[in-house]
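Undergrad: Chains A and B, in that order, give the protein sequences. Sequential numbering of the first sequence, starting at 1, is according to our numbering. Sequential numbering of the second sequence, starting at 1001, is according to our numbering.
Do not take every clue at face value.
[To be verified] From chain B, some residues computed to sit far from chain A (all C-beta separations above 10 Å):
#	residue
1	Pro1010
2	Gly1092
3	Ser1126
4	Trp1159
5	Leu1197
6	Leu1279
7	Arg1300
[As the list claims (entries may be wrong)] Just a few of them, taken from the derived set where beta-carbon distance is under 10 Å, the chain A residues facing chain B:
#	residue
8	Tyr7
9	Pro8
10	Tyr121
11	Leu444
[Stated by the list, open to error] Listed next, with one range per pair, are the computed distances between beta-carbon atoms:
#	chain 1	residue 1	chain 2	residue 2	range
12	B	Ala1250	A	Arg129	48 to 54 Å
13	B	Tyr1111	A	Thr387	37 to 43 Å
14	B	Phe1321	A	Thr387	43 to 49 Å
15	B	Phe1321	A	Leu234	29 to 35 Å
16	A	Pro354	B	Leu1003	42 to 48 Å
17	B	Phe1316	A	Asp445	52 to 58 Å
18	B	Glu1308	A	Leu231	42 to 48 Å
19	B	Phe1325	A	Met207	50 to 56 Å
20	B	Arg1300	A	Gln343	23 to 29 Å
21	A	Gln343	B	Ala1331	39 to 45 Å
22	A	Thr415	B	Gly1237	26 to 32 Å
23	A	Gly128	B	Val1213	40 to 46 Å
24	B	Gly1237	A	Arg129	33 to 39 Å
25	B	Leu1311	A	Ala356	55 to 61 Å
If you're looking for bench data, these hints aren't it; they were derived computationally from the structure. Note that the Cβ used here is the ideal one computed from N, Cα and C, for glycine as well.
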Amino acid sequence: MQDFPYYPVLDFGPAMKGMVIGGIGVFHVFVAQFAIGGGWLLCLLQWRAWKRGDALARRFLDSYFRVLVLISFVVGALTGVGMWLTSIQVSARTIGMMVDEFHWIWATEWLFFLAEVIAGYTFYRYAGRLTDGTRFLLLLVYSLAAWGSLFWINGILSWQLTPGGEPGLGSVWGGFFNPSFWPSLVYRSFVSLTLGGLAALAVVQAMKGITREERSHLARTCSLVLVPMTLMPLVGIWYVSVLPEDSRAWITGGSALMTMAFGIAVAASSLLGLYVVFGVLWKKLHVSFATATLLLGLAFGASGAGELVREGVRKPYTIRDLLYSNSLTQDDVEHFREHGSVQGDPWPLRDPAPTASLQTGQRVFRLQCSVCHTLNGANGVDHLVETWRPDQMRMNLASLQHTKSFMPPFAGTATELEALVQFLLWRRRGEPGEWTDTTTHEDLDKNHRWLVEATTAPQSHSDRSTPKHGGGR
Amino acid sequence: MDLPFPFGLPFASAFYEALLALTFSMHLVFAQLVLGGTSWLVILGIKNAQHDNVARTLRDWLPFALGIAITLGVAPLLFLQIVDKQGFYTAGLLGSHRFMAILPALIVGFYLLYLQKKLGDTAQRSWRVLLPILTLAAFAFTGYSWSEQHALAQDRDVWVSMYAASRMHYSGAEVLPRFVFFASMSLPAVALAALLLTREAKRCAGVAWLGIVGMLVSAAWLVATMSPTRLEAWNGGNLAWSIALAVGVATAAVGWGLVRFRSRIRPALLVSSWLVVVLSIAALREALRIASLPSRAPAREQLANTHEHALEVGGFLVFLFFALFLACLFAWLSRRVASELSRSRGA
């Protein structure tokens, strides 16, 4: 009997767990990337103040840095910790496996984060009394540390999507420099510059005591960091080209939501890029505070849609080929098919159904389905199966990965499958206080046959390798 | 365990446990500056101490201390996930939204610190009282939540019943005395920082002594709530850490006595005694946590195997390289900044 790590499963009511982590994640990524791009912009401004005697750049820099500190050092840092804690709430095993593999990378990232905070606070506190050279040095260290932090965390996040070839679990560098590492890093670096630049445009317009010409001059300087944005289509193509074929399929029509999110990300980025190149840099249009804020909103939308795509195209995995979305490994699936998945679950039901069989179904739902589905809220399973006949339900659930290829295979015995079916039927009939289980031997035989036919392998795609057998905790 | 923490453990476990204790100590120093500093600001606000040197210094430095405390808190969180996933994850999941509320509390507390710094002495009296109280509430809630989470992670017997009852609040006997102990400990910590920054010897000594008395009372309270099994972890090899703690506290008390009655400030004595206190507490805290782990041999063996596997994972040398590189870089930068600051003062 393998020792499966059962953790208590939380219920977020009508909200999908993905919505919880996605909400915090998008916000954190937006703020963190703004801090990185903002840092490079500050370097540029300090360089101009130092080497060209640009007093206006220096004055703006001091205002902008305070915004950067107040937003990124507070909200950015805390949502970063929040991401970690939320990940545990949603899928403790995923974060545990990532920590097991990459804790020294994470520890290195922490060093860079610490360096960023110390350099940033030193500048915040003493910049007014330092020479231009030292100010530039501090900002350079701040920016390099912030970007370095992205460098390290990018390797871990991109590993979830493309864990790499042969080395896989157990080889840090094989996993770290995985196929999507470089395109992801370049993509995120460009996004960071864009966010830093757009936020600066808003701050320029909000600054008091400067003339319109000075405002335009500053706006053009800040727009320089937006130029790499024009290369985003190429980076996007590069990024998409390294995705596994089935992941690519999700964003090119395979999944309506993913395709739409991908479309929003591409369209919003293109609009931003076009406005920057033709409007701000070429035509030298005046960017009002409202326009700058609107552009930031557009960037937030693009960034959010991009993160949604990144999370979504991993399905049915949370770590590709190692851990399914419901935190089961391929070994677990095979073991649970033989021995059952919930009899060792020590966590009681909080609102148990009236019969033992229904409770088994309830436990199966909690263990295998609840990470992505609610019962009757977002992505509610009641709604998804409401038109299925009992036999159709049995067959579809038994061959889940074939019913919908972004679903993991069912990980339980024929009896557990039947318990889940009965639980869903019981809910369909309004959760009556008394329930007579009408399951026959014939039903169980059918379940067994369909489970055997479906096998335990995930839905195969032409380039998908056989899942690795990882047993991380 | 006959040897003091972490020496009685297999090498891999000892390595990660030591890192956890060490990084936790670093976090603790700054977290306590924030909690103690905010508490002191509350007292100063109530006493209507306007244009007060200590209040100004605290308002000036606390946002920085909080930023560093949060950043330094990441490392022990990381190593805790190596040494005890099950306890940490389960307690976090059981605490659920209640535990996660520390994030908005910290954000609010952080901004309130900046607001106090910005307003300075110009704030009206009511604000000088209200803002520190709100800030303290945010940080005390955070500190209490961590005490609760830490105690819950060790109290495995209540996990299932707590989950079944959908209860997010854990009120084990150790939680409150533990929190009071750490809160008391924050006063000598901030007193030491304030002494070094303001040289206001008598006031700092008063606050430090108040904290030391609080530590002694709450330590006795904490010990009284502990089961004999848990108390055993304090004996044996870990008696050495308990003695170190007692010596550290006694030396600190003597050091503060010299400050108060002889006006003799001995920074080295105060700082080193306080470091001994912090390190001893971190070690004893870990020794107690280890004692709470399942005692079955297979479970212990599995945990040791997990640590060994973690040690085999690559990346340590890169971490070490950057740790040294960044330490050298910041040593050089600090010298450069310090020399420019002294030049600017001279000018």
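Undergrad: For each hint, tell me whether it holds in the structure or not.
TA: Hint-by-hint comparison with the structure:
1. At the 10 Å boundary, the C-beta of Pro1010 (chain B) stays outside the reach of chain A, the nearest C-beta of that chain being 17 Å off.
2. Interface exclusion of Gly1092 (chain B) from chain A breaks down, the closest Cβ pair being 5 Å apart, not more than 10 Å.
3. The beta carbon of Ser1126 (chain B) sits about 24 Å from the closest Cβ of chain A, which is more than 10 Å, so the claim that it is off the interface holds.
4. For Trp1159 (chain B), the shortest C-beta to C-beta distance to chain A comes to about 8 Å, within the 10 Å cut-off, and the non-interface label is violated.
5. Remark: the non-interface label on Leu1197 (chain B) is consistent with the geometry, its nearest Cβ contact in chain A lying 13 Å away (cut-off 10 Å).
6. Residue placement check: Leu1279 (chain B) keeps its beta carbon more than 10 Å from all beta carbons of chain A (closest about 20 Å).
7. Here Arg1300 (chain B) stays apart from chain A, with its beta-carbon at least about 13 Å from theirs, past the 10 Å limit.
8. About 6 Å separates the beta-carbon of Tyr7 (chain A) from the nearest beta-carbon of chain B, less than 10 Å, and the hint is met.
9. The closest approach between the C-beta of Pro8 (chain A) and any C-beta of chain B is roughly 5 Å, which is under the 10 Å cut-off, so the hint is satisfied.
10. At about 5 Å, the closest approach between the beta carbon of Tyr121 (chain A) and any beta carbon in chain B falls short of 10 Å, and the interface hint on this residue holds.
11. Checking Leu444 (chain A) against chain B: minimum C-beta separation of about 30 Å lies over 10 Å; hint violated.
12. Evaluation of the 48 to 54 Å hint for Ala1250 (chain B) and Arg129 (chain A) yields a failure: the beta carbon distance comes to about 42 Å.
13. Taking 37 to 43 Å as the suggested C-beta distance range, the pair Tyr1111 (chain B) and Thr387 (chain A) does not conform, at roughly 51 Å.
14. Checked against the given bound of 43 to 49 Å, the beta carbons of Phe1321 (chain B) and Thr387 (chain A), roughly 60 Å apart, lie outside it.
15. A beta carbon spacing of about 34 Å between Phe1321 (chain B) and Leu234 (chain A) agrees with the range 29 to 35 Å that was offered as a hint.
16. Taking 42 to 48 Å as the suggested C-beta distance range, the pair Pro354 (chain A) and Leu1003 (chain B) does not conform, at roughly 55 Å.
17. Restraint check, Phe1316 (chain B) to Asp445 (chain A): a C-beta distance of roughly 54 Å satisfies the suggested window 52 to 58 Å.
18. Separation of Glu1308 (chain B) from Leu231 (chain A) is about 46 Å and conforms to the stated range, judged on CB atoms against 42 to 48 Å.
19. At about 37 Å, the beta-carbon gap between Phe1325 (chain B) and Met207 (chain A) misses the expected band of 50 to 56 Å.
20. Under the hint 23 to 29 Å, the C-beta atoms of Arg1300 (chain B) and Gln343 (chain A), about 25 Å apart, fit the expected range.
21. Distance hint for Gln343 (chain A) and Ala1331 (chain B): a CB-CB separation of about 58 Å, inconsistent with the stated range 39 to 45 Å.
22. Taking 26 to 32 Å as the suggested C-beta distance range, the pair Thr415 (chain A) and Gly1237 (chain B) does not conform, at roughly 51 Å.
23. Taking 40 to 46 Å as the suggested C-beta distance range, the pair Gly128 (chain A) and Val1213 (chain B) conforms, at roughly 42 Å.
24. Between Gly1237 (chain B) and Arg129 (chain A) the C-beta distance comes to about 51 Å, which lies outside the given range of 33 to 39 Å.
25. In this structure the hint that Leu1311 (chain B) and Ala356 (chain A) lie 55 to 61 Å apart at CB is violated, the actual value being about 45 Å.
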